[in-house]
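Numbering follows our numbering, with no gaps: position 550 of the sequence shown is 898.
Treat the hints with care, since some could be wrong.
Unchecked claim - No more than 30 Å apart at the CA atoms, straight line, and that leaves these computed lysine-lysine pairs for BS3-like:
#	residue 1	residue 2
1	Lys984	Lys757
2	Lys474	Lys695
3	Lys984	Lys892
4	Lys420	Lys373
As the list claims (entries may be wrong) - Restraint-style ranges between C-beta atoms, simulated for each label pair:
#	residue 1	residue 2	range
5	Leu523	Glu377	28 to 38 Å
6	Ala878	Leu970	41 to 51 Å
7	Thr951	Phe867	18 to 28 Å
8	Ala884	Lys824	52 to 62 Å
9	Lys1073	Ala878	27 to 37 Å
10	Tyr700	Arg565	53 to 63 Å
11	Leu970	Pro909	26 to 36 Å
12	Phe867	Asn839	33 to 43 Å
13	Gly562	Ala355	21 to 31 Å
Hint data in this document are derived by calculation from the structure and do not stem from the laboratory.
What you are looking at is a predicted structure, and each value in this text was computed from that prediction instead of being measured.
Backbone N, C-alpha and C fix where the C-beta goes; we use that ideal spot for every residue, glycine too.
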Amino acid sequence: MGEIDNAVNEIYKPLFFRLNIEAEKKAFEDLINSDSTIYVQDGIEGQLTELIKCINPSKRISAEEYPALIEKHLNDQNIDQYGVWIYYPWIKKLIHLLDEEEFIEVRTNRNRYKITKEEQQLLRTKKIGIVGLSIGHSIALTIATERICGELRLADFDTAELSNLNRIRTGLQNLGLKKTIIAAREIAELDPFLKIKIFSEGLHKNNTDEFFTGDGRIDLFIEVCDGLDIKIESRFKARELKIPVVMDTNDRGMLDVERFDLEPERPILHGLVGDINPDDLVSLTNEEKIPIVLQMASAKNVSIRGKASMVEVGQSISTWPQIASSVVLGGAVTTDVSRRLLLGQFKSSGRYYVDIDSIISDNRKNNTAQLLQTNPYRPLTKDDMAKLIAKAVLNQGFEKTSSQQLSEKQLEEIVGAGIASPSTGNDQPWKWYYHDKILYLFHDKNRSFSFGDYKHIASYLTFGAVYENLVLATHKLSLEVSAKIYPLGYNESLVFAFAFTGDTSSDSEPHQHDELVNFIDSRCTNRNLAPYKEIAGDILSKLKNVAESVPGAELKILTDPGRINETGKIIGACDKIRLLHKDGHNDFVNREMRWDSKDAELTKDGIDIHTLGLNSSQLSALEVIKEYDVIDFIKKIKGGKVLEAAAVKSIAAASAIGLVIMPDSSIEDYIDGGRSYERLWLATEKYNLALHPVISPLYLFSRINGGVDSGLSTEDIDELTMLRKNFMQIFDLKENSCQIFMFKLSYAEKPLIRSLRIPLKEVLFRDM
């Protein structure tokens, strides 16, 4: 029984019986007699009635007149022998039809004059090849229905599955059948005279010639397959043979046309994929194909839900989505364009959008920008700083006369070390003013205002790191330095006032780890991935001693792989929460990232995308999530698991995870914490270690108890509370401890590209 079923499952061509031919009449009778379950359908009279109506369009023929007109048309021929009987073995139906010419005349009659009779005759000579029978199924059936060709060649290696029926209009009885068989049968049931050739192994090197040129060259190639290598390779073949290519993408009604018949030197896919060799694509992983797919699709033009789906493929969904309405639209648009192309009425190449969402919409403008927090600070000016200096009361043990005049070279070396410090998102929130032998450091809040700088915590840490670098640079010049911290109070922008002397005093900064000054210029964030390599215990102990040489600071270090991996999950979850938050996403996309080297060179701030240590696939994926509307939709469907992946993968390769903590969360604690982590960071350079800050949990945890001022949803707070609980357990932390700085340590190659700095001349001011 199984062998019989398999044989039937391969049949897609009906049998023809013309009863005025004796051999066919006998075969017809044998068929009828062999199987009593065959269903016979004889509607020839109705078809003849339609034929007569088509032949006499200007006459009003009454129902009573048709029998005589039919008799006249039959010309004494037995009506049972008129035309042709068609047997469909897969449905066991025997149907009496008009023969080919009359059948086509009647079936296409209602095309007039959208399609003229002469055009229909010309189209009948055309051959169309289709690769891919998901979208292609709709296209093939629409082409057949409109009858814009005389031959269709269908290629697909797949079988129909239940999940295909969200877009392929076919019956459940066809599950498990080859898609080529299903499409060919449905076309035959619609028009048995349309020639069909199937390629049930799909299109490949061994059958490409047969598909394109066997029994005559095809006139049009419609490519709607999933295989990237076939997409590219088939276009090379089409271009070689000067065959035009049409592609539908099922997203925003996008249709792509390449007129290789008119432009045989035209670049493949309009040059979007560059000079690509299809042989190189076969071995690529799905991840490695992402950049090519995004280039090919013109990622910026993909729909919001399409981009969101790209992010979710392999996470919450298994493959690229296609829906019936888009597939049916694609069938219609592709057929319309193909017909006009074959008739010489459309000669252009290009990419076209029949985007129903934009054509028929409420015209509601994107209001994402209106939802973002607004920067309340204006840039700090020289006049602003001069006024604050005038207000400063610096005579309490900090007389300006006790400060030594710095030479221009000394000043630039000291400030140069300060601006080499790390800052959140490389925002560089500093301005400097040298006045009456005192060096003032100001907080330009316009530069640091962000989702990440909650209650200015990130900036306090930055200024702690600046403080440390400045002290080291001063000591290198054989000078002493003392500082007043927030001399006008914490609400003002004046952070430090530094005085310099040649002799030590009770206010002078102590000399601790002065040798670390040699690593200020080489210190950088290193996100490069590298295989796990253990860090010797004595090195970790030395790093701990360096970090804890700042009063109150404590360094926790994880080396256990299990605890490291659990920490990676927490970091990944916090990265996701940040990116799904409108302001966190805005920070990342618009404030921090410099999406090309030219932009980074122009601004001299932010993070050059190429310093992230990402491969081309990951870089391409970032392009997809640049629009907040994409992220917002991902958030609505509770997706975004992939947004955790980079951190989880990076942390899994860590040699150690470190956490600097302070006993309290005062501003002084944050500044001292900044000094501690900068001192530690410089020491890691001494031991050729790669340090990568992983700070999203710390910035988000600080918001948990912020109430309405937290900027977080209740759902986010609940998740962060749980994550923080796990975090505290992993690091064995006391509830009131202040987490300052978390980082990953590894042995990795130095990054080739580093974040830039705004030139000294733009941030250092002096009296005229």
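Against the structure, the hints come out as follows:
| no. | hint | verdict |
| --- | --- | --- |
| 1 | Lys984 <-> Lys757 | 56 Å, violated |
| 2 | Lys474 <-> Lys695 | 17 Å, holds |
| 3 | Lys984 <-> Lys892 | 43 Å, violated |
| 4 | Lys420 <-> Lys373 | 24 Å, holds |
| 5 | Leu523 <-> Glu377: 28 to 38 Å | 35 Å, holds |
| 6 | Ala878 <-> Leu970: 41 to 51 Å | 21 Å, violated |
| 7 | Thr951 <-> Phe867: 18 to 28 Å | 26 Å, holds |
| 8 | Ala884 <-> Lys824: 52 to 62 Å | 29 Å, violated |
| 9 | Lys1073 <-> Ala878: 27 to 37 Å | 31 Å, holds |
| 10 | Tyr700 <-> Arg565: 53 to 63 Å | 26 Å, violated |
| 11 | Leu970 <-> Pro909: 26 to 36 Å | 28 Å, holds |
| 12 | Phe867 <-> Asn839: 33 to 43 Å | 35 Å, holds |
| 13 | Gly562 <-> Ala355: 21 to 31 Å | 24 Å, holds |
In terms of the numbered hints stated before, the structure departs from hints 1, 3, 6, 8 and 10, listed from lowest to highest.
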